[in-house]
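> Residue strings, one per chain:
Number of protein chains: 2
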Amino acid sequence: MQPFTFHNPTRIVFGPGTTARIGKETKACGRRALLLYGKGSAERTGVLGRVRDSLNQAGLQWEALGGVRPNPVLNFAREAIAFFRQQRLDVIVAVGGGSVIDTAKTIAAGARYDGEVWDFFSGRAEVKTAAPITTVLTLAATGSEMNSGGVITNEESQEKYHLASPSLYPQCSILDPVNTFTVPRDHSMYGAVDAMIHLLEGYFNAGEEDLPLQDRLVEGLLRTLMEAAEVVYHEPENYPARANLMWGATLALNGLTTAGTGNTGFPMHMIEHSLSAIYDIAHGAGLSIVGPAWMRYASARAPRKFAQFAERIFGIDQGTASQRAQAGIEALEKWFVARGVPTRLPEANIPEQDIPRIAANARRLAEVWGLDDYTQREIEAVLEHAGAATARSAGR
Amino acid sequence: MQPFTFHNPTRIVFGPGTTARIGKETKACGRRALLLYGKGSAERTGVLGRVRDSLNQAGLQWEALGGVRPNPVLNFAREAIAFFRQQRLDVIVAVGGGSVIDTAKTIAAGARYDGEVWDFFSGRAEVKTAAPITTVLTLAATGSEMNSGGVITNEESQEKYHLASPSLYPQCSILDPVNTFTVPRDHSMYGAVDAMIHLLEGYFNAGEEDLPLQDRLVEGLLRTLMEAAEVVYHEPENYPARANLMWGATLALNGLTTAGTGNTGFPMHMIEHSLSAIYDIAHGAGLSIVGPAWMRYASARAPRKFAQFAERIFGIDQGTASQRAQAGIEALEKWFVARGVPTRLPEANIPEQDIPRIAANARRLAEVWGLDDYTQREIEAVLEHAGAATARSAGR
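Each protein sequence line maps, in turn, to chains A and B.
Residue numbering for the first sequence follows the numbering used here, starting at 1 and increasing by one per position.
Residue numbering for the second sequence follows the numbering used here, starting at 1 and increasing by one per position.
Because the hints were derived from the structure by calculation, they are not lab data.
What you were told as hints is all true, and nothing was included just to trick you.
A pair holds if it fits inside one copy or across any two, identical chains being indistinguishable in the list.
For lysine-lysine, the following DSBU-like pairs were computed, each having C-alpha atoms within a straight-line distance of at most 30 angstroms:
(1) Lys128 / Lys27
(2) Lys128 / Lys24
(3) Lys39 / Lys27
(4) Lys39 / Lys24
Let's have the full structure, built from the sequences with the hints guiding it.
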């Protein structure tokens, strides 16, 4: 096990009806709130109304700001920072999924920084302090509700980069699985894929050391997420399944499963960020394409962990390590197909001819993240596994 | 999944050589430290010297207080509270295992309370505030290094009770597996048993609801603890095994595995506390006796979860649920025997004739904890499974 520091101070309030507690939880952090939300679904489902009621009952003042879009963008966050300062607000209430919470983190850091907020994403500056954040989560996916990171797209440069700082953990996150009952099937599945890939980034990138504790945490959470996603696919209002998907997705990226694994890197996310930065596809849809492609690429070099994955997740125990690894990746891809998510570039209307362009974009992020092994050529080699021809040759 | 609040603010610093960081971590909490430790092993192994060096380098003032014993007692804590106040100390550095950390929590709560500190244990008062605590853990067992509870024995009344409060989470805990290399084999195994039973209390007492996420976390941690204990039994200085035992024991009682399980109760601990309160045996030794006895008692009423335990931990998949449950408990007991820990009362020199006396003691704690189903007669029924005759009939 590698040395680590684990410190996750976010308070989680989980259960049906807990949205009503956002006012009291927020009041512990500030008096004048920015109420941040997305494109309107939180209004339609009534969640936003319940949040406003709770903030009012707690005696908080608040200013609403909607319009955060999926793959949230830098320009919106910049305007929100100006608004936050101008209105002399002191806390952010994020109502939504990862896009809204990541935007809240960008605002929280930018509001207390005199420079350009993109500095935090490009690696030119570190977040030292940030405004406090509370959240009401409406999508099980990114884990942003209980971690210290966030992702934003710079539209001009087509860079989808991330910031992170211990000061960006939300103070409190309200997790009411009922608030996810109305998430459409496709986005529910994208969310499940996102959480699954979060687990697998640490699992497959941890090096050759035996990590029985972390492996079993990942495998247990992964199987739970998959079972829950299968139920949610057919029964969107199944409370136990929505609850397991929600808490499982939170635990998938709150530092628990990577504590002790060393510095693993996030190559699948690195490459996916280029897909959603250039083509504005859902992050989870990009991951269901990049995930199996990267696994084929990586397992060819070091099949051992992939064989373990095949055996423990899909019960595949026949053949050489390499054969089991391939069978496990194929089983995962089939599972993705059955959940209706894309697994090849053309399924997301991304031409295979664009692979060099995507790889060039991803290469810039590889430099920021210090993933030096991922040259343009290596990234292309990953993406070539996601072409249509490969799909056909795999018998799909 | 049941509603829950999860908020664990303890900062964990894990890895070899991290003891040197205790000074800096403690300085963030106070200036005048009580350096609390046990019967001298921390001095002999050099850990205490490294802690003193680190406190000195950080410029902290400190007063040492040794002598905390296993099954720590109220009178010691009372004297330490007086000392803490008299010396105008403001932070406690606990160097040791659960006994030292639990004593630190008692001092921390008592130092900021005008009444009698036992009030917190008897349920007459709640801890509202406490002095900050940092710890350097030297025994993988109780999980006290990352939770909000503690246990103390009132020698006069032979009551081993517990206190808990969100203000009792340690601010920071240093987990260096190397600091556990010198723990004797028997106490290493008692520690493993303690952590295992912590996991199983939540697992077996969570009611009939399906809890796939929590079950898998428990099963994964349990298998890891068992594998690690087997290695440590033969190789006390095996770093990966000591590391898995240490982090596994911390995660076994930090709120993670019980979040969402509802209010489960801790009946095995409730009964064990009477054994160590009356006979002053090691807590883990008491648990290896009470654990299988309670499981035989409880599985006779509701075998389903015990059958799952048998299948997922020991691969027992033949027979009825009831048969699998019994085979699983037997396998666990055999595993305990192979680790050299007692599983029957006579092995700890506790006469079977004392069962009514033990049950009467445990019944008082059942009242404090609100475990109303555990009448004197029911507790006797549990303990009767731990008699020597039963051991013989089980073919041991």
